[in-house]
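Peer 1: Working from the sequences, and respecting the hints, build out all of it.
Protein chains in written order, with UniProt numbering: chain U, 1 to 414; chain P, 1 to 414.
In short, the hints are calculated from the structure, not lab data.
From the three backbone atoms N, C-alpha and C, an ideal C-beta is built for every residue, glycine too.
Don't take every hint at face value.
[To be verified] Here's a subset of chain P near chain U, in silico, CB distances under 7 Å, partners left out:
1) V98
2) G224
3) D274
4) G346
There are 2 protein chains.
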Amino acid sequence: MKRRNILGLAGAGAAGIAAAGAVTVRRRDEPATDPGAALPFYGAHQAGIVTPAQDRLHFVAFDVITRTREDLVSMLEAWTAAAARMTAGRDAGTHGAVGGVPEAPPDDTGEAIGLPASGLTLTIGFGPGLFRDADGRDRFGIADRRPDALAELPRFPGDALDPAISGGDICVQACAHDPQVAVHAIRNLARIGMGVVSVRWSQLGFGRTSSTSAGQPTPRNLFGFKDGTANLKAEEASALDEHLWVHAGDGPDWMTGGSYLVTRKIRMIIETWDRTSLREQEAIVGRTKGDGAPLTGAAEFDEPDLAAAGPDGLPVIATDAHVRLAHPSAHGGARLLRRGYNYVDGSDGLGRLDAGLFFIAYQRDPRRQFIPVQTALARRDALNEYIRHVSSAIFACPPGLPAADDFWGRSLFS
Amino acid sequence: MKRRNILGLAGAGAAGIAAAGAVTVRRRDEPATDPGAALPFYGAHQAGIVTPAQDRLHFVAFDVITRTREDLVSMLEAWTAAAARMTAGRDAGTHGAVGGVPEAPPDDTGEAIGLPASGLTLTIGFGPGLFRDADGRDRFGIADRRPDALAELPRFPGDALDPAISGGDICVQACAHDPQVAVHAIRNLARIGMGVVSVRWSQLGFGRTSSTSAGQPTPRNLFGFKDGTANLKAEEASALDEHLWVHAGDGPDWMTGGSYLVTRKIRMIIETWDRTSLREQEAIVGRTKGDGAPLTGAAEFDEPDLAAAGPDGLPVIATDAHVRLAHPSAHGGARLLRRGYNYVDGSDGLGRLDAGLFFIAYQRDPRRQFIPVQTALARRDALNEYIRHVSSAIFACPPGLPAADDFWGRSLFS
Chain U
1 MKRRNILGLA GAGAAGIAAA GAVTVRRRDE PATDPGAALP FYGAHQAGIV TPAQDRLHFV
61 AFDVITRTRE DLVSMLEAWT AAAARMTAGR DAGTHGAVGG VPEAPPDDTG EAIGLPASGL
121 TLTIGFGPGL FRDADGRDRF GIADRRPDAL AELPRFPGDA LDPAISGGDI CVQACAHDPQ
181 VAVHAIRNLA RIGMGVVSVR WSQLGFGRTS STSAGQPTPR NLFGFKDGTA NLKAEEASAL
241 DEHLWVHAGD GPDWMTGGSY LVTRKIRMII ETWDRTSLRE QEAIVGRTKG DGAPLTGAAE
301 FDEPDLAAAG PDGLPVIATD AHVRLAHPSA HGGARLLRRG YNYVDGSDGL GRLDAGLFFI
361 AYQRDPRRQF IPVQTALARR DALNEYIRHV SSAIFACPPG LPAADDFWGR SLFS
Chain P
1 MKRRNILGLA GAGAAGIAAA GAVTVRRRDE PATDPGAALP FYGAHQAGIV TPAQDRLHFV
61 AFDVITRTRE DLVSMLEAWT AAAARMTAGR DAGTHGAVGG VPEAPPDDTG EAIGLPASGL
121 TLTIGFGPGL FRDADGRDRF GIADRRPDAL AELPRFPGDA LDPAISGGDI CVQACAHDPQ
181 VAVHAIRNLA RIGMGVVSVR WSQLGFGRTS STSAGQPTPR NLFGFKDGTA NLKAEEASAL
241 DEHLWVHAGD GPDWMTGGSY LVTRKIRMII ETWDRTSLRE QEAIVGRTKG DGAPLTGAAE
301 FDEPDLAAAG PDGLPVIATD AHVRLAHPSA HGGARLLRRG YNYVDGSDGL GRLDAGLFFI
361 AYQRDPRRQF IPVQTALARR DALNEYIRHV SSAIFACPPG LPAADDFWGR SLFS
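Peer 2: Here you go:
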């Protein structure tokens with residue numbers, strides 16, 4: 001049953017319903033879109049990577065608790081069917097929240113009845129532990145298929161990671177313009193996976209801190225600065241090919257067309273930052289707060305002049321400024337596709353907001369991209385005084401599914 | 001400086017910018033509104049009570065840490081000025097995030113630059129501890145002004161309250177159609193209050209679980225059921241007068257035109273609920289899942305027939321069904337204005353989503369409204385197997401401010 005049939009609208013086309021239904025809070029300088037609409041689930045690459053960043057995130061990492069390969073593969077098949085349905089704005093299962101027999105649990109949880117697809121994307125990734133667990137066991141007979149690029153990240157200086165909210169065997173990134181739709185999707189996958197997987201950790205996020213399309217204005221992080229000005233954009237086809245997608249020959253065939261995902265939960269020490277002067281904030285970032293222009297330029301997209309010196313002979317952009325240390329020129333041209341979200345998890349019991357950035361980055365090879373960039377930042381970034389990395393994870397996200405008879409993980413497990 | 005002036009739009013009227021800027025994800029059966037627009041801050045009653053429920057919540061409870069009445073009053077004056085500015089879509093302070101002198105911290109944190117007012121409302125309330133603290137001290141010389149209706153709630157059967165996320169001396173409810181706008185507002189109030197107040201706890205919420213206007217469809221909670229069908233609505237003028245607003249003579253004059261606020265964080269045991277049959281779920285609630293109709297009726301707004309018996313002679317709506325126990329007829333006609341939000345706080349470390357309902361209810365007198373209703377529910381409600389009340393608080397929300405020379409708490413402190 002379609003999610004909407006319950007409300008008696010079975011005759012109307014999904015697109016028509018969505019168009020009538022929904023748009024989202026957007027900046028007034030952002031082009032009109034239809035955030036209620038459904039996005040395609042099938043394609044050469046997974047959705048949710050170069051898809052223009054939606055407003056809300058529910059990210060989940062699962063531990064696999066079954067020891068049986070067949071159970072795991074069956075669940076991935078069931079997940080794929082449910083994901084295809086939910087991203088189209090339908091119920092997770094064919095009987096919906098009120099169908100089937102009254103004596104059985106519903107096969108959808110119901111809280112999204114009447115809500116449009118809301119641009120939902122679901123993106124899956126496999127963690128290193130799926131290939132060989134912490135005890136070295138090859139639980140599912142796939143240890144020899146682990147890409148070399150999919151290794152646990154090194155420990156970076158200053159890391160304050162909580163293992164309970166780090167790692168995971170499988171992740172799903174749900175993005176949508178309505179948080180109830182994103183939460184509904186993750187919850188139904190968890191329900192379908194009962195006995196096979198268990199939620200290890202999950203994270204809600206809001207507001208885009210990275211724009212992934214040239215049509216989107218650069219949003220602001222909770223430091224109040226524009227974040228992601230130099231991000232890879234969906235329109236840069238040759239750069240995506242070079243920096244984002246895994247090529248044939250990069251590693252095992254099953255990852256060709258996929259991408260590696262690194263997540264970092266970066267707590268911001270909001271109250272200390274808010275007591276810092278504007279001049280100091282701008283020196284730390286290397287950009288102005290209002291326009292986001294580099295301190296050597298006048299407009300946001302001006303290229304930072306890292307060689308420029310001021311009247312005092314010192315660099316205009318400080319040697320420990322964030323924009324300098326993260327700049328591709330410092331890392332052999334390495335770039336990332338960032339897709340992070342702001343988060344607020346309440347307060348921390350010490351009178352401070354528990355808030356920051358849930359950093360998400362996709363890339364062709366973390367050994368040449370995230371790891372060297374983060375190594376440089378962790379050593380020297382002036383921002384480090386105001387942030388703590390509290391969770392970390394890495395996943396291999398396989399390519400997209402070309403057609404409806406395929407399923408998440410088929411290329412890995414067959 | 002206006003929040004938007006930074007982007008060079010000082011010449012455009014706020015309403016025009018907002019209208020160009022924003023609408024929100026809404027159900028397709030919901031009338032079009034303009035969620036980017038600013039709502040009035042001044043009025044006989046505080047905004048954020050009968051205001052049609054916005055999509056997002058950031059609720060905060062503060063401990064007052066100063067011992068000085070003058071510091072507290074000064075902060076309330078500064079808060080009021082900032083609240084009036086922010087609800088109009090402006091910066092928290094007159095110099096904004098990039099104004100003033102570069103050597104000083106900005107007087108706005110900047111993350112809402114470029115975002116419209118987004119229907120932001122800020123609603124303040126005073127807790128019992130402001131009048132007399134846990135040690136019995138009258139810190140601010142107002143102990144004799146505490147309304148009798150503002151007393152700590154009794155312990156209800158089954159309560160599993162965490163003191164760290166309960167109570168508080170002052171609360172602020174921020175509601176908006178954009179979470180970044182709601183979070184920005186609370187953060188700036190906390191910043192302004194530094195040294196006077198400290199964040200005790202805060203809660204994010206999304207999706208409306210109660211409609212407060214006849215023009216809004218009834219939303220669904222995370223059990224998948226419509227929630228708040230029988231809620232007080234903004235259009236019911238005489239019922240609001242009877243059940244919502246404090247009358248002259250009800251207690252101290254400073255609360256006339258105000259309302260009492262009860263919050264309860266209600267964790268839902270999602271995974272257990274999702275394994276329950278549809279028939280059982282509907283029997284527990286007393287309504288159908290699809291339409292929200294009472295089990296004795298055909299449509300959502302049909303009045304439940306609590307006397308109806310089935311062919312087996314048993315009541316159609318069970319004696320422990322939620323709709324029966326919460327029905328006004330069981331409590332001398334008592335009704336509440338509910339304004340709750342769904343929440344997901346990640347997972348709980350045991351593989352379960354940490355999710356549920358952040359219940360918010362406004363009323364004229366909790367002794368005749370929330371307390372008897374919750375007493376009946378806590379004793380017998382069949383839903384109790386699937387929920388845990390983990391936080392609780394009560395606040396006295398004073399009347400609205402009639403004009404710009406007034407401030408939050410003036411009637412209490414003068």
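Peer 1: It remains to establish, for every hint, whether it holds in the given structure.
Peer 2: Evaluated hints:
no., hint, in the structure
1, V98, "holds (4 Å)"
2, G224, "holds (2 Å)"
3, D274, "holds (5 Å)"
4, G346, "holds (5 Å)"
Every hint from the earlier list agrees with this structure, and none is contradicted.
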